[in-house]
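Student: Okay, here's what each chain looks like letter by letter:
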Amino acid sequence: MKPISGSPVLTVSSAPHIHCGRTIKGTSLEMLLALLPAAAFAIWHSNILAFRVLALSCVVAVITEAICLHLMKREIESDNYTALLCGLMFGFLMSPCSPWWLITAGSSFSIILGKMVFGGLGGGPLCAPLVGWAICKVSWPELMDFDMTMLGSELTYPLSQLKNFGPETLSQYPLKSLLLGFQLGGSGAAQSGAILLGGLYLLSRKIIRPDIPFAFIAGVALTAATFYAISPLDYASPIYHLLCGSTLFGAFFLATDSSSSPVGHIPMIAYGFTAGILVIIIRVYGVYPDGVPFAILLANLASPLFEKIRPTPFGGITNIHLQR
Amino acid sequence: MNPIFLLTPSDRGPVLKIREQNLSSALLISLEITELTPLVGKEELVAKGQKIASDPQNKLPSVHSSVSGKVLDVKKDFILIEEEGERVAAPLTLDNSDSSSMLSYLREAGIDVSGLKQGCTLIINTVPAEAGIDGHRFLIEEFNQIMSEGLDFLKEALSPKASAIAVPQGMSWTLPGCTGHEIKPVYPNGLAPMVVKAVTGKEMPSGVSVIDAATLYRIGRTVHGKQPVTEIMVKVGNTLFQAPVGTTVKLLTSKAGFKLSDGDRVVLGGPLSGRAVYSLNHGIPADTQGVTVIAGSNTPVAKDSPCLGCGECVIKCPARLMPNMISRHAEFGLFENTQAYFIASCFECGLCAYWCTAQRPLLQYIRLAKKELFSKPILEDLRK
Ligand code: SF4
Ligand code: SF4
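As you go down the protein sequences, you meet chains A and B in turn. First residue of the first sequence: 1, per the numbering used here; consecutive thereafter. First residue of the second sequence: 1001, per the numbering used here; consecutive thereafter.
FYI, nobody ran anything at the bench for these hints, they're computed from the structure. Check before you lean on any hint, since a few could be wrong.
Said to hold, decoys possible - Covered stretches of chain A (chain B as the covering partner; in silico rule of three or more C-beta atoms under 8 Å from a C-beta of chain B):
1. 121–134
2. 313–319
Claimed, not checked - The calculated lysine-lysine pairs, modelled on DSS-like cross-linking and capped at a C-alpha distance of 25 Å, are:
3. B/K1226 / B/K1197
4. B/K1017 / B/K1070
5. A/K25 / B/K1316
6. B/K1059 / B/K1048
7. B/K1316 / B/K1202
8. B/K1117 / B/K1161
9. A/K73 / A/K25
10. A/K206 / B/K1316
11. B/K1117 / B/K1202
12. B/K1197 / B/K1155
13. B/K1070 / A/K308
14. B/K1371 / B/K1316
15. A/K25 / B/K1048
16. B/K1202 / B/K1155
17. A/K206 / B/K1303
18. B/K1059 / B/K1371
19. A/K73 / B/K1303
20. B/K1226 / B/K1155
Positions of the beta carbon are idealized from the N, C-alpha and C atoms, including for glycine.
Bound-form chain B, shown alone (with noise of 0.2 Å):
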């Protein structure tokens, strides 16, 4: 089997905790192509948990000074933050008078809520979404305790008929009140859609709920210190640091022994579907859970060559799709046909385009195709 997709979670090691290391170099929070507005200006003092970008719309997580200290610069895409003082920000103030404000509360700490459907089915999904980003492990065997609080918190704002752990073969971890289901490890078997398919039995079924284990983790740490949580478990090579958000990837890959030259990649994320960053001084967002880096070579992995038919790709879907015809609609601007071949059931694990002979762009190809279409009217449904 291919390391790439061996999902099992490796050994524990020790921790590393960044801010006892040291953190002399300031937080670069990124709020990146989020378009959250900053809450703050140049100079102002903000104090540890301070929320200082929130989402005009209401729909995206707000963001949080993981630090006490001074606002450096604030752009378009980033604010800089230099540590000072010891100030700590008001606790949150709960109203779990009824769902909505619940998921709000969570949503103003920091936490992505748009999946989350009343009434749905919960699935807890502890298998790691790529090889190597296990750090969760570390949470779910030490802090057991906080993940319970903050599913019970969620249990009490989601009301689900069901609750289910997915957890990787051979693991075994445990949350009260959670049917456990056992996942064969194997990328792409812990993306959101496998793990509901695995334990649902169904394929892409609505109301449920998927939640991993380092989100629960930070609801649970959210709900039990109502402070919303500004250090997060971020595994880089076989590293896993404890950082505040916003440690530069810099740091980070230093401190894991990585020598980074000209021409590598740092992805937040794994290698299939993370997001490469464009510089070093990139701030982890909250939700990252890995870095990963990957050396350079001089030959790109896409190219923009023609698709040879051979079908690699297609055998490779795990969604049964035909990524080869989806992207030469893609390509000459047709996005309207990638509908017929179904774009929708595509999960975005990437596996076509690390298969591709023609090492055609395929999955960037898709993600066009979709965010075109997202931004069309939409016309009628189609599931019965």
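Okay, chain A solo, but in the shape it has when bound (with noise of 0.2 Å):
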């Protein structure tokens, strides 16, 4: 509609009237392209395998989304790629030679159970991968085992040799080849040197910010370090815990899930370093090989308490009619 004095129709909007130019869609964008280098090793040391697994849970994902929307009668927005993006972290947690209905089953309940149910995109209060992750551990574990899926593959799986055999066991892996993904464990979560590369370009785009992830590393490495003081020969050193498993893609990609973490600098710096501190504390003690992932929905759940950290607000606590 054009007024008949020919001057242009302005937008009115209510101040600001300008924006940073970072969109949710930009976001999912760049953590997927941060996510690519993990996928291609992944897939170069499954032979494939992999492959498989990561499209298979990125179109689960994908699918659930649009039908949950569709259901919720609410507008399809896969085109903001975040289901994408969840459904391929929920495949990187993954082993590659799992069979495809259980992948179906883990992407669809990550979906439907740790996004969908709370309102969709921002709901959550548990990070999505890994609930349907969850799921999959206590409903199936000997399928969700790495050990067991695994006796095809040349590679081992780490951990559970700390678990079960002892930190010398560890010798047998120089940290180049963990750094390179020579271990068993999630298709791209065992990735360590391909995610550190992810993780360090988000945080040079500033698309995560550093409080999470350093504060996790450094809860991981202060522990393991404090075990290790204790007893070298009963523990393994910090940077075994910190290159094996999935404990910088837990760092890095699913502790600063943004819809399960806290906001502000000293709750994410207490939520990061309570899970990392949980990581070793699961791993030394608990069943879990690897800790991360029950360490990170631990953390999550504790979230709201964490966010309670406030400063005093701007002029202390005052009535809104004494203002003005």
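Two chains, two frames, some hints: make the complex.
Tutor: And the structure:
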């Protein structure tokens, strides 16, 4: 509609009239990009097997989200790539040899129970891919055991070696090969070097804040170092804990999940640190070789508590009627 | 540093006097949502400086005609005046017997005095509110004398405990009798609550009045000439205008070299806290210091998307609030709940909405909640 005077139709908006340019879609694309190297490594190490897992997981996640949104009579929002990202992250946690139905079930549970039942994007109190993972882990423990599923591979799973045979077995894993992903574990999550690369990329692009990943790594390193200092013969050194399993994937991608992590610098640091400590506690005392997923889920549950740590607002607590 | 947040005043450049340029278009004196009552009718002849609208509640500043002319139209939200003749209104009569009549004198002359309190600490804020809104630089450097006159008047009216002037770092602007304070020229440091904190060291203390340089100049001019100030300094893009109140933004933007097209935004004030106008025929009000033109794009700034919980807004908020939670409650009409997240401390800088990844209309929700809360009765004073 054009006014007769021929003057342009102005856009009217409420302040602020400008935006920094960050979008949900842009952020998810950057995260997907950061996960690509790890995905490539996973496919290389598993002789294409991981490709099947990752692709299936992504497709199932996107379709599940679309169906849920349709049932909820809401607009389909697959074009913001958040479901794709969630599916990919779930695939990263699964073994490349997982049967197709396990992936389908887990990936759709991630979306339904991790995200959509809480109202969709941003509503989930837990990191969505971990919800699906946890359901699979407790429902089909034997299929989720990396040692069992990977009998055909010449690679081994360092964390269960550590659990079953003690830290001296770790000497068979040179740090360089751990970085290059020569270990069993979640298809993408075990590619420590590639994950680290992706994480640093996200940090440099300011997609994630350094608070959570660094606090998480510090939590893991300090706790592991404490155990190691007590008895180097019984406990593994911190560097193994950081490079084995999904520690780095947890630090950079799972713990930083925006809807389930707290906001504010101090809460973020406290949350990351707690999750990091829990990782080692579960690895040392728990029955699960890799403590990362459950540690992060537990820390997720404590997020609302961490969020209670607030500075006083500007000017103290005032009544609105006294302003102006 | 993002240039959007840089408050260092730019070089002065020449002043373009709109009156000497041309004033072929009629002036549109905007009354907008102020609910002022027009005092003139259609076809009536008005003199320059004549009061044409006032507030029946005696709270808001009155509005004056900036030209001698004929009223073409009076509507609920504007008065249209065409220039004609050379009439000048009779000078204002000043009763400076006591403080409240001195203040109402200023209000009658079109100056907002609502924030001025007796016995306060008076702070003159010369830091640009936003990047590019720095037309007052010219006033401070050229009309220091007038400003001092305005300051003397204010001092007499308010008998302040102390007076201070806040200047952007690196500027050597002073006013007699004021202690100087340098402010780091980064947004939002030029906003009143931040300036108060920088000067007094306290956050939102009671008994502090902040007045910005352009308003102080207007006070000085009013006191000096016994006439309401009807010509103001407006910075549009890189051009500084001296323009009568009511000059249309169309004239200003075209003189400043902007070619406007569909979808552009024209904002009175800066991009982060200013107010967008809906028509190019909008006349600038007396308190305008700048007009910002933002090139249009098809993607809206804010969207109706859910909060991701990324925490960007929380980290960027200078008032240490949780705009994410405030907006979540306001979104569903739970305005009372926003008090638990200290909405009263928000000074509407707009940074939260600028940084929001989900592009949520955070400041918009906050303003909505504030407005709703204001209309509720006062329950208790929580400030001890
Ligand atoms: S507008 Fe937003 S960022 Fe600014 S003070 Fe208010 S809540 Fe904080
Ligand atoms: S910046 Fe936006 S999406 Fe992020 S927490 Fe704040 S409101 Fe939510």
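Student: Hint by hint, say whether it matches the structure.
Tutor: Do the hints match the structure? See the list:
With a cut-off of 8 Å between beta carbons, the segment 121–134 of chain A has 3 residues touching chain B; three or more are needed, and the interface restraint holds. Proximity of the segment 313–319 of chain A to chain B, defined as three or more residues with a beta carbon under 8 Å from a beta carbon of that chain, is established by the 7 residues found. Pair hint B/K1226 plus B/K1197 does not hold up; C-alpha atoms about 35 Å apart against a cutoff of 25 Å. For the suggested pair B/K1017 and B/K1070, the alpha carbons sit about 22 Å apart, so the restraint of at most 25 Å is met.
Between the alpha carbons of A/K25 and B/K1316 the distance comes to roughly 21 Å, so the proposed pair stays at or under 25 Å and holds. Only pairs whose Cα atoms come within 25 Å are accepted, and B/K1059 paired with B/K1048 is accepted, the gap being roughly 23 Å. Distance check on the hinted pair: B/K1316 and B/K1202 sit about 20 Å apart at the alpha-carbon level, within 25 Å; holds. Taking the CA atoms of B/K1117 and B/K1161, the gap is about 11 Å. The hint holds against a cut of 25 Å.
Only pairs whose Cα atoms come within 25 Å are accepted, and A/K73 paired with A/K25 is accepted, the gap being roughly 22 Å. The hinted pair formed by A/K206 and B/K1316 meets the criterion: a straight-line CA distance of about 14 Å does not exceed 25 Å. In summary, the hint linking B/K1117 to B/K1202 is supported, as the alpha carbons are separated by about 18 Å, within the 25 Å threshold. A hinted pair counts as satisfied when its Cα atoms are at most 25 Å apart, and B/K1197 with B/K1155 qualifies at roughly 21 Å.
About 62 Å separates the Cα atoms of B/K1070 and A/K308, which puts this hinted pair outside 25 Å; it is violated. At most 25 Å may separate the alpha-carbon atoms for a hinted pair to count; B/K1371 and B/K1316 meet this at roughly 23 Å. Pair hint A/K25 plus B/K1048 does not hold up; C-alpha atoms about 55 Å apart against a cutoff of 25 Å. Between the alpha carbons of B/K1202 and B/K1155 the distance comes to roughly 22 Å, so the proposed pair stays at or under 25 Å and holds.
As the CA atoms of A/K206 and B/K1303 are separated by approximately 22 Å, the hinted pair is consistent with the 25 Å bound. Taking the CA atoms of B/K1059 and B/K1371, the gap is near 18 Å; set against the 25 Å cutoff, the hint holds. A hinted pair counts as satisfied when its Cα atoms are at most 25 Å apart, and A/K73 with B/K1303 qualifies at roughly 19 Å. Between B/K1226 and B/K1155, the direct Cα distance comes to roughly 18 Å. Compliance with the 25 Å bound is thereby established for this hinted pair.
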